[in-house]
Each structure stands twice: as C-alpha cells, then as structure tokens.
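Q: Going line by line, the protein sequences match chains A and B.
Under the numbering used here, the first residue of the first sequence is numbered 1, with each subsequent residue one higher.
Under the numbering used here, the first residue of the second sequence is numbered 1, with each subsequent residue one higher.
By construction, these hints were calculated from the structure, which means they are not laboratory data.
If you're wondering where the values come from, they're calculated on a predicted model, not measured in any experiment.
Check each hint, because a few of them may be wrong.
Unchecked claim - What the simulated footprint calls covered on chain B by chain A, stretch by stretch (three residues with Cβ under 8 angstroms from a Cβ of chain A suffice, anywhere in the stretch; the number is not a length):
(1) 195 to 201
(2) 213 to 220
Said to hold, decoys possible - When the alpha-carbon atoms are kept at most 35 angstroms apart in a straight line, the in silico DSBU-like pairs for lysine-lysine are as follows:
(3) A/Lys467 to B/Lys144
(4) B/Lys144 to B/Lys66
(5) B/Lys66 to A/Lys516
(6) A/Lys474 to B/Lys144
(7) A/Lys467 to A/Lys423
(8) A/Lys516 to B/Lys177
(9) A/Lys473 to A/Lys450
(10) A/Lys516 to B/Lys11
(11) B/Lys177 to A/Lys634
Stated by the list, open to error - So the derived list for chain B, only partly shown, Cβ under 10 angstroms to chain A, looks like this:
(12) Glu10
(13) Asp12
(14) Ile13
(15) Ile19
(16) Tyr20
(17) Pro24
(18) Tyr26
(19) Leu28
(20) Asn104
(21) Ala110
(22) Leu116
(23) Gly171
(24) Ser175
(25) Glu192
(26) Gly223
Ideal placement from N, C-alpha and C gives every residue a C-beta, glycine not left out.
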Amino acid sequence: MNTFRPIYSVPVKTAAVLLSVICVLGACFGAQLSLYQYENGAGGEDAFYLSGGTQARVNEIAYFVARNDVYRMLDSGYVSYESEYLQKEKSNLRFQIYVENLENTGSELIISNYAGEEIGYETYQETELWIDRTAISRKVRIHAYLVKPLRADDLFLKMQTVGTAVSQFGRIPLYAAVSLALLWLLLQVYLACAAGHKKAPDGSDQIAQEGLHRIPFDVLILLAPFLANLFYLIWKEGLDGGSFLGGFASYSLHELYLEIGLVSCFAALIYLTLLFYGMTFAVRVKKGTLFSKMLLVRLFGWAKNGMRKMVDALPFMWKRILLYTGVLLLMLLLLAEFGFDRMFIAVLFLLLWAAAILMQVREAYVRKHRQEAVGRLAQGDLVTSIDIQTYSKEDRQEIENLSRIHDTVSKAVERQLSSERMKTELITNVSHDIKTPLTSIINYVDLLQKEGGYTETQKEYLEILNKQATRLKKLTIDLIEASKAATGNIAAQIVPLSLTEMIRQFMGEYAERFSKAQLELVQNLPDEEITVLADGRLLSRVLDNLLGNALKYAQPGTRVYLDLSFGDTYATIGLKNISRDPLNISEDELMERFVRGERSRHTEGSGLGLGIAKSLTELMGGLFKISIDTDLFKAYVSLRKTEPKAESDPVEANLKDNT
Amino acid sequence: MYRILICDDEKDIVSALKIYLQSPEYELYTAENGQEAVTLCRDTAMHLVLMDIMMPVMDGILAMQKIREFSNVPIILLTAKGEDNDKILGLGQGADDYITKPFNPMEVLARVKSCLRRYVQLGSAAPGKTLIRQGGIELDDGAKEVKVDGEIASLTRTEYEILKFLMQEPGTVFSSKEIYTRVWQDDPYGAENTVAVHIRHLREKIEINPAEPRYVKVVWGQGYKFEKQGGV
Numbered sequence: 001m002n003t004f005r006p007i008y009s010v011p012v013k014t015a016a017v018l019l020s021v022i023c024v025l026g027a028c029f030g031a032q033l034s035l036y037q038y039e040n041g042a043g044g045e046d047a048f049y050l051s052g053g054t055q056a057r058v059n060e061i062a063y064f065v066a067r068n069d070v071y072r073m074l075d076s077g078y079v080s081y082e083s084e085y086l087q088k089e090k091s092n093l094r095f096q097i098y099v100e101n102l103e104n105t106g107s108e109l110i111i112s113n114y115a116g117e118e119i120g121y122e123t124y125q126e127t128e129l130w131i132d133r134t135a136i137s138r139k140v141r142i143h144a145y146l147v148k149p150l151r152a153d154d155l156f157l158k159m160q161t162v163g164t165a166v167s168q169f170g171r172i173p174l175y176a177a178v179s180l181a182l183l184w185l186l187l188q189v190y191l192a193c194a195a196g197h198k199k200a201p202d203g204s205d206q207i208a209q210e211g212l213h214r215i216p217f218d219v220l221i222l223l224a225p226f227l228a229n230l231f232y233l234i235w236k237e238g239l240d241g242g243s244f245l246g247g248f249a250s251y252s253l254h255e256l257y258l259e260i261g262l263v264s265c266f267a268a269l270i271y272l273t274l275l276f277y278g279m280t281f282a283v284r285v286k287k288g289t290l291f292s293k294m295l296l297v298r299l300f301g302w303a304k305n306g307m308r309k310m311v312d313a314l315p316f317m318w319k320r321i322l323l324y325t326g327v328l329l330l331m332l333l334l335l336a337e338f339g340f341d342r343m344f345i346a347v348l349f350l351l352l353w354a355a356a357i358l359m360q361v362r363e364a365y366v367r368k369h370r371q372e373a374v375g376r377l378a379q380g381d382l383v384t385s386i387d388i389q390t391y392s393k394e395d396r397q398e399i400e401n402l403s404r405i406h407d408t409v410s411k412a413v414e415r416q417l418s419s420e421r422m423k424t425e426l427i428t429n430v431s432h433d434i435k436t437p438l439t440s441i442i443n444y445v446d447l448l449q450k451e452g453g454y455t456e457t458q459k460e461y462l463e464i465l466n467k468q469a470t471r472l473k474k475l476t477i478d479l480i481e482a483s484k485a486a487t488g489n490i491a492a493q494i495v496p497l498s499l500t501e502m503i504r505q506f507m508g509e510y511a512e513r514f515s516k517a518q519l520e521l522v523q524n525l526p527d528e529e530i531t532v533l534a535d536g537r538l539l540s541r542v543l544d545n546l547l548g549n550a551l552k553y554a555q556p557g558t559r560v561y562l563d564l565s566f567g568d569t570y571a572t573i574g575l576k577n578i579s580r581d582p583l584n585i586s587e588d589e590l591m592e593r594f595v596r597g598e599r600s601r602h603t604e605g606s607g608l609g610l611g612i613a614k615s616l617t618e619l620m621g622g623l624f625k626i627s628i629d630t631d632l633f634k635a636y637v638s639l640r641k642t643e644p645k646a647e648s649d650p651v652e653a654n655l656k657d658n659t
Numbered sequence: 001m002y003r004i005l006i007c008d009d010e011k012d013i014v015s016a017l018k019i020y021l022q023s024p025e026y027e028l029y030t031a032e033n034g035q036e037a038v039t040l041c042r043d044t045a046m047h048l049v050l051m052d053i054m055m056p057v058m059d060g061i062l063a064m065q066k067i068r069e070f071s072n073v074p075i076i077l078l079t080a081k082g083e084d085n086d087k088i089l090g091l092g093q094g095a096d097d098y099i100t101k102p103f104n105p106m107e108v109l110a111r112v113k114s115c116l117r118r119y120v121q122l123g124s125a126a127p128g129k130t131l132i133r134q135g136g137i138e139l140d141d142g143a144k145e146v147k148v149d150g151e152i153a154s155l156t157r158t159e160y161e162i163l164k165f166l167m168q169e170p171g172t173v174f175s176s177k178e179i180y181t182r183v184w185q186d187d188p189y190g191a192e193n194t195v196a197v198h199i200r201h202l203r204e205k206i207e208i209n210p211a212e213p214r215y216v217k218v219v220w221g222q223g224y225k226f227e228k229q230g231g232v
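Make the full structure from the sequences, and use the hints.
A: Next up, the structure:
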C-alpha cells in the first residue's frame with residue numbers, strides 16, 4: 001500500500017481549485033482585453049475606423065435609423081431631423097438615404113446630412129419597408145458615413161477614448177492571459193492526478209469515490225445537455241448573447257471592465273462545471289468504476305440477473321406457465337367463438353374456478369405430504385419409509401437429496417461416535433487391566449504393614465506405598481468415569497427429583513466429615529420444595545465431587561456455603577468456599593482435567609473432579625459454572641426445573657400446525 | 001470348618017486372599033479358572049465361593065451358572081469391572097454379593113463372614129409378627145433388637161425406629177419429611193437434616209461398606225429405602 005502524499009490533501013486541492021478559478025478569471029479578462037485591443041487596432045484613428053466594433057456599431061445605427069426615421073418619414077410624408085443620429089452637432093454619423101419611387105424607375109434622396117466631410121468609414125445598406133398607406137414595400141438604400149476625425153461628443157468618441165486607454169496596456173493583457181493559461185493548464189494536470197486520492201485511516205493512500213462522485217456517470221452525461229442549456233440561457237439573457245464579449249460596445253472603462261468581468265465570471269462558472277466533470281471522470285477511471293457503476297450497466301446487469309433466474313426457474317415453472325397460457329388461449333378461443341354470452345361466461349368461470357381450487361388442493365396435499373416426509377427425515381426416518389411415488393419429479397428429487405444429506409450426516413456422526421466410543425473403551429480397558437495388578441499391590445502392602453518388627457523408616461516407606469497405591473486406585477476409577485462422562489457414554493435417567501431433599505441428604509452425609517475437617521457447612525434453602533429434572537445418581541456424583549473438593553481444599557476454620565436458588569426455568573445449587581491454597585489459576589484452567597489449585601499435586605484426588613462434575617451436569621442438560629474471586633471459589637450447578645415453559649420440538653410443532 | 005473356594009487367574013491375588021482368610025475356621029481351596037472351580041465344587045461341597053469374572057478358559061459368570069445347576073452355595077464375585085451393569089448382571093445370574101477390585105481386604109473378610117452366616121444360619125428363627133427379616137438383617141420388635149448376620153447391632157432408639165419404619169415396607173422410598181413425621185411423630189420444620197444424619201449412622205452400624213450400602217439406600221433427591229433382599 002502506498003503511503004498518502006500530503007500534496008494530495010484536501011487543503012492543497014482546494015487551493016489548486018481556487019487558483020484555477022483565479023487563473024480562468026484572469027486569463028479570460030486578459031484575453032478579452034487583448035481581443036479588444038486587436039479589434040480596436042490598439043488605438044490610433046485608422047485602427048478605430050477599421051475596428052469591427054466601430055463598424056458594427058455604425059451598421060447597427062444605420063439600420064436603426066432606416067427602420068425608425070425613414071419609416072416614419074415615408075409614413076407621414078416629412079423628414080424630421082429630430083433623431084440625434086441625424087443631428088450633425090450631436091453625431092459623428094452622416095447619412096444619405098435613398099427611397100425607390102413608386103414606379104420602380106429610380107430612387108430619390110430623401111435624407112442627407114452629409115456635406116462632403118472627410119470620412120473614415122462608410123457603409124451601404126439596402127432594405128425593403130412596408131408602408132401602410134400604400135401597402136407596397138419600397139426599397140430603401142442607406143449610405144452611412146463616420147466622419148474623420150470625430151467631432152461630436154457621441155458614443156463613437158467615447159469608444160475611441162476607451163480604445164485609446166486600453167491600447168496603453170500594450171501587450172501586458174496578452175502575456176498575462178497566456179501565462180495564466182499555462183499555469184491553469186499545469187493546475188489541471190495536478191488536479192487530474194490528485195482527483196480521488198484520500199488518506200485512509202491507517203495513513204495509506206486510497207482512491208475514494210464519495211459524494212457527487214457516486215452519481216452514476218451516465219446520469220451525469222444525461223445532465224450535461226441541461227447544464228449546457230442553462231449556460232446558454234445565462235449567456236443569452238444575462239450576457240446579451242455575447243455582445244458583452246470583448247466589451248466592444250463599452251463607452252467607458254468601467255463599463256468595459258464590468259462587461260469583460262461578467263464574461264470572465266461566466267467562463268469561470270463553466271470551468272468549474274467542466275472541472276467537476278473532469279475530476280469525477282478521473283476518479284472513476286482510477287477507481288475502475290467508470291463503466292461498471294454506470295446506471296445503464298447496472299440496470300443491464302440486473303436485467304441479466306433477473307433473466308437468468310427466470311431461465312433457471314423455468315424447469316419448475318414451465319408446466320404452470322404452459323397451463324395458464326393454455327387456459328387463457330382456450331378462454332380467448334371460446335370467447336371468439338361464442339361471443340360474450342353472459343351465462344356461458346359465468347359457467348366457464350365457475351368451471352375454471354373449480355379447476356383452480358382443485359389444483360390448489362392437490363398442491364396443498366402434496367406440500368403437506370412433503371412436509372411430513374421432511375419431518376420424518378429430520379427425526380431420522382429414511383426415505384424408504386416415504387411413498388415418494390406420489391410426488392412430482394422435482395419434489396421427489398428434493399426429498400431424495402434431503403435423505404442423502406441425512407445419510408451423510410448420520411454416517412459422519414456415527415463415525416465420530418464410534419471413534420469416541422473406541423477411545424472410551426480403550427481407557428476403560430486399560431484401566432481395568434491396571435486394576436488387577438493394583439489389587440495385588442494394595443493387598444501386599446497391607447500384608448507387609450501387618451508384619452511386625454519394622455524400623456520407623458521402613459514403616460514410613462510402607463505408609464507412602466500404601467497412600468500412593470490408594471491414590472492410584474482412585475485415579476483409575478476417576479479416569480474411567482471422566483472418560484465416560486465426557487463422551488456421554490453414561491445413560492442419564494432423567495426423572496423429577498427434589499433438590500431440597502437432595503441437599504438435605506448431602507448435608508446429612510457430609511456434616512460430620514466437614515466438622516472433622518474443621519469446616520462449617522452452611523445450607524441456604526428456599527422455603528418451598530424445588531423439583532428439577534435430573535439423574536439422582538449422576539447428580540450425587542456431581543455434588544460428591546464438589547463437596548469432596550471443598551473438604552480437600554477449603555481453608556480449615558472457614559464456612560462452606562451450600563445454597564439453593566431458582567429462576568423460571570432453572571434451579572441452581574451454589575457452593576462457596578475459601579481455598580486453603582491461593583487460586584492462582586483461571587476458571588478454565590481449573591476446569592481442565594488433571595489441574596488443581598496452586599498447580600500442585602500434593603493432595604489426594606485426581607484433579608478430574610470438576611471436569612467430571614461439568615460433564616455429568618451437561619449430560620443431564622444442566623449448566624455447570626465455576627468462578628474464582630481471589631481465594632473465594634464458587635461452583636454453580638443449574639438444572640432444568642420440572643414444569644418448564646412449553647417448549648416442544650419445533651419440527652413436531654410445525655407438523656402439528658400443518659395438519 | 002467352612003470350605004471356601006477362591007478362584008482367580010491372578011495367583012498373587014489368590015495368595016493374598018488366602019493370607020487374609022487364614023483362619024482355623026476356614027478350609028481354603030483355590031482354582032485358576034472357571035472350569036477348575038466348577039470341577040472342585042462338584043467334587044467337594046463348598047460353603048462359599050469367591051470368584052473372579054474375567055478368567056481364561058471359562059469366565060466367572062459362566063462358571064457361576066454351571067455351579068448354580070447343582071448347588072446354591074453363596075458366591076461372591078470379585079470384579080475389576082466396577083460398572084453398575086456388571087453388578088446387576090452378576091447379581092441377576094445368581095451371585096450373592098460382589099466385591100470390586102481393587103478391594104479392601106477388610107471388606108472382603110466382612111463380606112465373607114456375612115455371607116457364611118446368612119448361608120449357615122438361614123431359617124434359624126422363624127419370622128413372626130414381631131420379627132422382620134430382610135437378607136442378613138433381623139429386626140425383633142419384641143426384643144427391640146437388630147441382628148446383622150446374627151450379630152447384635154447396637155442401634156440408638158431413633159436409628160432403630162428409622163430402620164423399623166423402612167423395613168416394614170422394603171423397596172418403598174420415603175422422603176426425609178415422611179420419615180421424620182413418622183419416627184419423631186412431629187412436623188419437621190426444617191429439621192429434616194437430622195434424618196440424613198441418623199441414617200448415615202445407621203448405615204455405619206449395619207452395612208459392611210457404608211459407602212456402598214446393601215440395605216439402607218439413598219435415593220438421591222427422593223429419600224431413603226430399605227432395599228428388598230432376594231430369596232436368601
């Protein structure tokens with residue numbers, strides 16, 4: 001994974017975008033200024049007259065005059081020189097306007113304010129005007145001139161002043177525009193590179209496609225014409241259809257700057273839009289999602305998927321499709337044959353309805369059967385006990401597959417069980433084989449001890465032999481029990497039994513042994529009798545192990561608590577005692593076989609007690625838990641109470657519901 | 001003089017048992033497998049047979065069945081199979097008692113004695129209205145006396161009452177509460193623990209191995225019962 005480069009961080013990118021916008025504004029501004037210079041010939045009289053701006057303005061006014069003044073004149077029959085363009089002292093324009101006579105034989109000069117002055121620009125226009133009174137169109141020829149030099153203080157003089165002022169900038173606007181454009185280009189390259197890069201939480205670099213970039217690209221493409229239209233509207237309505245471009249019609253510097261500024265802003269707006277498109281394109285290309293995330297592609301994918309599903313399901317559906325199509329065709333045919341006879345149609349519908357009901361009934365019947373079959377399978381019945389011939393081919397296949405799954409699983413379970421059984425058997429057999437020599441050892445040690453005349457050391461040694469042999473005996477017995485309990489090789493006979501009675505019995509059995517060990521056994525029983533589902537023999541082994549542990553490991557002079565508590569479904573026996581040795585061991589470790597507190601093996605016992613207790617409890621469907629709080633040892637045996645909430649087998653319940 | 005047959009394929013165990021049972025009262029015979037045991041029993045009338053189950057040639061169960069064809073001599077099974085199933089099987093096949101290996105020599109001696117007494121003294125006193133007999137236990141309500149295999153056991157009054165109550169209906173399970181109510185003639189009010197303690201003492205007095213009682217049994221979570229004894 002590449003590490004994230006700070007140059008791609010959000011502030012830098014934002015700064016680059018801002019700078020780009022400034023570049024666009026500046027370049028546009030400069031370009032327009034130089035365009036203005038170019039159009040206006042960078043100042044000087046000749047340039048002014050030759051400039052497109054000037055000429056366009058002249059043409060425009062000439063046309064305007066022809067339209068208004070000449071028209072009015074023709075209409076009313078006299079010429080008024082009230083129009084400012086026709087007043088010599090107010091305008092630098094001169095006009096000679098000819099109107100064709102009614103006979104179409106020639107034309108007569110009807111307006112003239114030109115007295116042969118020197119002219120810098122002249123133009124000639126011809127137009128046709130409709131006159132109401134005559135309802136005849138008449139050709140009008142206009143000669144317009146711009147005097148040189150400009151005398152009157154009119155718009156042309158203002159334009160010339162602006163042009164002169166702008167020309168003083170020389171080539172600066174051009175150079176500025178070009179260099180800003182170059183800088184802009186560089187920034188675009190940077191932005192294209194930076195697009196999408198994001199710092200991942202682990203500091204590495206990643207391409208993120210977030211926010212607007214998640215809009216499918218084809219949607220953006222569809223959006224483009226609308227945006228273009230919007231820009232066109234702004235251009236046309238807001239910027240007067242481009243008449244602002246270059247500010248050629250400006251009569252003052254302020255106006256010029258305002259106009260080309262507006263155009264620049266417009267350009268910046270377009271640029272930002274294009275920038276978004278460009279960057280999102282770059283992000284998508286980098287992410288590789290340009291096409292895959294397109295709405296069209298996705299729609300196509302969904303459509304393809306849906307089609308495939310339909311095709312897949314066809315073998316199951318074709319019959320029904322055929323059937324329904326057939327019925328539909330039949331109905332159409334009958335309708336065509338007999339017309340819309342009401343009675344007939346009603347009977348037909350009744351018949352079809354009956355047929356549909358019959359089909360549904362059959363369907364339900366098959367489904368019920370199949371469900372029963374599956375239920376039986378779940379309970380371990382094989383498919384041979386199911387009359388699979390009554391089912392359709394698909395249903396039969398399904399049931400056969402289920403039974404195959406059942407076979408495989410039961411085989412695996414059997415294998416597992418037999419391996420467990422073999423293990424248990426091995427342990428049991430080995431233990432039995434150990435028992436016989438052990439019997440001899442114990443007996444002969446005992447016999448030896450009965451012989452007299454030993455030294456103290458010899459007696460001590462014999463005592464050790466005796467003790468260890470006895471321990472070995474207990475170990476062997478526990479080992480068999482543990483292995484059986486862990487593999488569930490003991491059949492639990494679960495019957496309702498009273499936990500209260502059980503604890504009383506244990507209190508009776510153990511009270512004296514506890515007082516001999518200088519422990520006080522305290523019982524805490526609820527007033528009512530608590531009945532649980534358990535195997536008395538196994539549960540007595542569990543309690544035996546727990547109380548035996550307490551006897552062996554509790555700190556003399558402390559109390560051992562035997563509590564009985566209960567909830568809705570479970571009753572729990574709790575045993576608490578304070579350990580004699582520090583319990584520097586975790587609950588799990590303590591529960592492991594062959595482990596005892598303080599990791600020591602110096603006391604009697606096999607270390608299997610808790611493991612056996614847990615296995616046996618679980619065998620009875622109970623829960624066994626121990627907890628250690630420094631030296632406080634707690635064990636809990638939870639057993640299911642009788643009369644639990646009705647929780648029948650879900651499969652059975654299902655079957656019952658459906659019959 | 002009682003003739004006792006010890007049958008085990010482990011010679012060391014046979015020797016050890018012989019040492020323990022060494023007594024002027026007993027005449028000891030030994031066999032190494034079931035076949036030998038059956039032959040010996042045919043030839044000599046035995047008073048008691050101690051028999052291992054797992055043996056070569058003929059196992060203990062089969063040998064026992066063969067012996068039962070011609071004799072009702074008491075048979076104590078010695079078994080390394082401490083499983084309940086084996087015990088039940090053994091007793092069902094006609095064994096009188098069983099001892100699990102590795103065994104406690106004292107227990108073997110006690111069981112041998114008990115078996116012999118029962119066998120020999122069988123029918124010594126006819127059960128009457130005041131006499132209840134179950135297995136080796138004789139309770140004489142007239143004399144307020146309990147004999148275990150012919151020997152008087154010194155029970156306290158409460159222990160005696162409990163035993164009597166249980167023995168009157170052998171095989172029936174009574175809860176602590178019921179026992180208390182019947183024996184103390186009072187409501188327990190949480191004193192049921194006393195029953196358990198007394199029963200424990202009672203077992204120590206009448207059972208050979210109180211941890212594996214033959215007569216007064218704990219039915220966990222339900223109560224106590226006097227185990228119904230077989231035909232003996």
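Q: For each hint, tell me whether it holds in the structure or not.
A: Now for the hints, and whether the structure bears them out:
no.: 1; hint: 195 to 201; verdict: holds (count 6)
no.: 2; hint: 213 to 220; verdict: holds (count 3)
no.: 3; hint: A/Lys467 to B/Lys144; verdict: 42 angstroms, violated
no.: 4; hint: B/Lys144 to B/Lys66; verdict: 42 angstroms, violated
no.: 5; hint: B/Lys66 to A/Lys516; verdict: 49 angstroms, violated
no.: 6; hint: A/Lys474 to B/Lys144; verdict: 40 angstroms, violated
no.: 7; hint: A/Lys467 to A/Lys423; verdict: 29 angstroms, holds
no.: 8; hint: A/Lys516 to B/Lys177; verdict: 27 angstroms, holds
no.: 9; hint: A/Lys473 to A/Lys450; verdict: 20 angstroms, holds
no.: 10; hint: A/Lys516 to B/Lys11; verdict: 40 angstroms, violated
no.: 11; hint: B/Lys177 to A/Lys634; verdict: 29 angstroms, holds
no.: 12; hint: Glu10; verdict: 6 angstroms, holds
no.: 13; hint: Asp12; verdict: 4 angstroms, holds
no.: 14; hint: Ile13; verdict: 6 angstroms, holds
no.: 15; hint: Ile19; verdict: 6 angstroms, holds
no.: 16; hint: Tyr20; verdict: 8 angstroms, holds
no.: 17; hint: Pro24; verdict: 18 angstroms, violated
no.: 18; hint: Tyr26; verdict: 17 angstroms, violated
no.: 19; hint: Leu28; verdict: 15 angstroms, violated
no.: 20; hint: Asn104; verdict: 8 angstroms, holds
no.: 21; hint: Ala110; verdict: 15 angstroms, violated
no.: 22; hint: Leu116; verdict: 21 angstroms, violated
no.: 23; hint: Gly171; verdict: 16 angstroms, violated
no.: 24; hint: Ser175; verdict: 6 angstroms, holds
no.: 25; hint: Glu192; verdict: 5 angstroms, holds
no.: 26; hint: Gly223; verdict: 6 angstroms, holds
Of the numbered hints stated above, those contradicted by the structure are hints 3, 4, 5, 6, 10, 17, 18, 19, 21, 22, 23, listed in ascending order.
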